[in-house]
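Novice: Spelled out, the chains give:
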Amino acid sequence: MIAKSISKTVSTALVFLLLNMVSPVLAQEDNSTGPAAAIDRSATGGAQTLEDVLARQANAKVDSSFRSQNDGSDAVGAVTTNQLGTLGGASDPQLWRALRYGSADITLSTRTPESLEIIQDTGMTWLAFRAGPLREYGGSALLGVTALLVLFYLVRGRIMIDSGLSGQKITRFKAVERFGHWLMAGAFVILGLTGLLQLFGRVALIPLIGHEFYASYATIGKWIHNNFAWPFMIGLVWITVCWIAHNIPNRDDLKWLMVGGGLFTKGVHPPARKFNAGQKLIFWAVVVLGLSISVSGLSLLFPYKLELFASSFAHINSLGLPWLLGVDPLPEQLTHHAEMQLAQVWHTIIAFVFMAIALAHIYIGSVGMQGAFAAMGEGEVDENWAKEHHSIWYTDVTGKPADHHPNE
Amino acid sequence: MKTMYLAFIAIVVLSFAAQFTLGQMGQTTATAAAGPSVRLD
Numbered sequence: 001m002i003a004k005s006i007s008k009t010v011s012t013a014l015v016f017l018l019l020n021m022v023s024p025v026l027a028q029e030d031n032s033t034g035p036a037a038a039i040d041r042s043a044t045g046g047a048q049t050l051e052d053v054l055a056r057q058a059n060a061k062v063d064s065s066f067r068s069q070n071d072g073s074d075a076v077g078a079v080t081t082n083q084l085g086t087l088g089g090a091s092d093p094q095l096w097r098a099l100r101y102g103s104a105d106i107t108l109s110t111r112t113p114e115s116l117e118i119i120q121d122t123g124m125t126w127l128a129f130r131a132g133p134l135r136e137y138g139g140s141a142l143l144g145v146t147a148l149l150v151l152f153y154l155v156r157g158r159i160m161i162d163s164g165l166s167g168q169k170i171t172r173f174k175a176v177e178r179f180g181h182w183l184m185a186g187a188f189v190i191l192g193l194t195g196l197l198q199l200f201g202r203v204a205l206i207p208l209i210g211h212e213f214y215a216s217y218a219t220i221g222k223w224i225h226n227n228f229a230w231p232f233m234i235g236l237v238w239i240t241v242c243w244i245a246h247n248i249p250n251r252d253d254l255k256w257l258m259v260g261g262g263l264f265t266k267g268v269h270p271p272a273r274k275f276n277a278g279q280k281l282i283f284w285a286v287v288v289l290g291l292s293i294s295v296s297g298l299s300l301l302f303p304y305k306l307e308l309f310a311s312s313f314a315h316i317n318s319l320g321l322p323w324l325l326g327v328d329p330l331p332e333q334l335t336h337h338a339e340m341q342l343a344q345v346w347h348t349i350i351a352f353v354f355m356a357i358a359l360a361h362i363y364i365g366s367v368g369m370q371g372a373f374a375a376m377g378e379g380e381v382d383e384n385w386a387k388e389h390h391s392i393w394y395t396d397v398t399g400k401p402a403d404h405h406p407n408e
Numbered sequence: 001m002k003t004m005y006l007a008f009i010a011i012v013v014l015s016f017a018a019q020f021t022l023g024q025m026g027q028t029t030a031t032a033a034a035g036p037s038v039r040l041d
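Which chain is which? The protein sequence lines are G and R, in order.
Residues in the first sequence are numbered consecutively from 1, following our numbering.
Residues in the second sequence are numbered consecutively from 1, following our numbering.
Please keep in mind that the hints were generated in silico from the structure rather than gathered at the bench.
Just so you know, even glycine gets a beta-carbon here, dropped at the ideal spot from N, CA and C.
Among these hints, one or two may not hold up.
Said to hold, decoys possible - With a straight-line Cα cutoff of 27 Å, these simulated BS3-like cross-link-like pairs (lysine-lysine) come out:
| id | chain 1 | residue 1 | chain 2 | residue 2 |
| --- | --- | --- | --- | --- |
| 1 | G | 61 | R | 2 |
| 2 | G | 274 | G | 255 |
| 3 | R | 2 | G | 174 |
| 4 | R | 2 | G | 274 |
| 5 | G | 255 | G | 266 |
| 6 | G | 400 | G | 274 |
Claimed, not checked - Residues from chain G that face chain R, not an exhaustive set, calculated with beta carbons under 7 Å:
| id | residue |
| --- | --- |
| 7 | 178 |
| 8 | 179 |
| 9 | 182 |
| 10 | 186 |
| 11 | 187 |
| 12 | 227 |
| 13 | 228 |
| 14 | 230 |
| 15 | 231 |
When you get a sec, could you build the whole thing from the sequences and use the hints?
Specialist: Here it is in C-alpha cells:
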C-alpha cells in the first residue's frame, strides 16, 4: 500500500508524497481503490467470509462494520432478558474487537487517553515502514549524495582561488554569527549521528557490539538526542535572526544560478552579495526543514501533548489538495499513537533531507573550496577569495572594486 | 576557532540545563509516564 501511495503522489508534490508515504492509516484495510462490494455473510453467521479476504487482498473496499459493530455490546449482544445476558454472551473475539475498535468499556490505572488504546493496529504498519522503506530510502539518499560529492571532487577537484592568496584578510562573519552557526551545526551533527544510530542500530550496531553494549549506548544516545535538540533550536533561531535580511532573493541570484555559481566551470565567478543564491537556498532549506524537524521533535519530546497530523490533514483536505491530486482525502481522525508514529516518521524523513543538504554544505565549506572554511572558522577570508565569490559584498564592505568577474 | 569551540561547549551546557530544567518542571519520562494511581511513593 505504501508503494502504491508513493506511485500515486510522486509526480505531483513532495509534501503530499511524504504525507501519503508516512500515513499508516492509509495502509489500513479500509484504504482501497475499488468500489465497495456487498458481501453476503449469511453463510458465516455474519462473520468474515472468503470474499472479504479476497477483496482485501485485491485492495477493494471492505466494509468492516460487520466487525467493528460486532463487539458484544448491548446493541448487538444477546438480549439482556435471556439467561445469558449481554455480558455473559460476549465471546472472546467480540471482546478483542471491542478493544481494537475502541468500544470496550475498560478502566485502567493510568487514565490518560492514549493508554486506553490497548490495541492499535496501525502500529505494525508503522514498524514495517520504519524498518523497511525508511531505512532503505533514507540510507540510500545519504549514500547517494556522498557518492555524488566524491564524484564531483574527482571530476572538478578542489575549487581554488584563481588569483591565488593575496595575504590580505577581510572580516567575513562576526563572532556572534559564527557562534550561532556552530551552535546549530554542532548540535545538528550530533543529532544526526545519534538519530542514525537509533534508526540503524538494530541492524548495524548490534551485530558489531552486541545487545548489552548497544543497550547502554542506546540509552545514552537517546539522552543526547533529546537534550541536544535544545541548543539546535536556539541556534536555528539565532542564525535566522542574524541572516534572514541577507537572504532575501534578488536578481543577482538569477545570474548566479544561470552559470551554476561557477561551481562547474573553472574561472567563472558570478557576482554575489554577502550570500550567493546557493547559500540562500541552503539558508531557506535550513529554516524550513529546521522548523519542521523542531516541531515534530517537540511532538516526540512531549508525547501526546502536541498532536499535529489530524489537524494538518484536515487543513489539507479543506484546501482541496487531495481532490486536485485525485487521491482519497487524508484521515482526519487519528489515534494518539498514530499521531506519534506519524511524527516519528515525518521527523526522520525531514532529517534525511536535511542531512543530505548538510553534506553538500559541509563539503563545499571545507574540502570542496579553498579558503571557504576560514570564513566560518576564523571569521576572516582572503581578499581574493572575497573578490571571486562575493564581489558585490566585497565592494560594499571595502569600497574597492572587485575586478575578477568575467561574467559580471 | 575560539568561537567554534565556545559554541560546542555551549551545546553541552545548554543540554544539561535543558535536562535539569525539564526535570524541575516534572517533564521527565518517569514523571510523565506515571500517574498517582501507579506510583508507589
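Novice: Next item in the hint list is residue 186 of chain G. Is there a CB on chain R closer than 7 Å to its CB?
Specialist: holds (5 Å)
Novice: Using 7 Å as the Cβ threshold, decide whether residue 187 of chain G counts as touching chain R.
Specialist: Hint holds; residue 187 of chain G Cβ to chain R Cβ min 5 Å, cut 7 Å.
Novice: Close enough to count: is the Cβ of residue 227 of chain G nearer than 7 Å to one in chain R?
Specialist: holds (4 Å)
Novice: Would you settle whether the hint for residue 231 of chain G is holds or violated, based on the nearest Cβ-Cβ distance to chain R being less than 7 Å?
Specialist: holds (4 Å)
Novice: Interface hint check: residue 228 of chain G, Cβ to nearest Cβ on chain R, cutoff 7 Å. Holds or violated?
Specialist: This hint holds: residue 228 of chain G lies near chain R, its Cβ roughly 5 Å from the closest one there, short of 7 Å.
Novice: Going straight from one Cα to the other, do residue 2 of chain R and residue 174 of chain G come out at no more than 27 Å?
Specialist: Status holds; Cα separation ~12 Å.
Novice: Holds or violated: the hint that residue 230 of chain G contacts chain R, with Cβ atoms closer than 7 Å.
Specialist: holds (4 Å)
Novice: Quick one, is the residue 178 of chain G hint okay against chain R at 7 Å, beta carbons?
Specialist: holds (4 Å)
Novice: Is the interface hint satisfied for residue 179 of chain G? The criterion is a beta-carbon contact with chain R at less than 7 Å.
Specialist: holds (5 Å)
Novice: Take the C-alpha atoms of residue 61 of chain G and residue 2 of chain R, compute the straight-line distance between them, and say whether it is at most 27 Å.
Specialist: Violated: residue 61 of chain G and residue 2 of chain R sit about 63 Å apart, past 27 Å.
Novice: Between the alpha carbons of residue 400 of chain G and residue 274 of chain G, is the straight-line distance 27 Å or under?
Specialist: holds (15 Å)
Novice: Do the numbers back the hint for residue 182 of chain G, that is, is its least Cβ distance to chain R under 7 Å?
Specialist: holds (3 Å)
In the structure shown, a violation is registered for the earlier hint numbered 1 alone.
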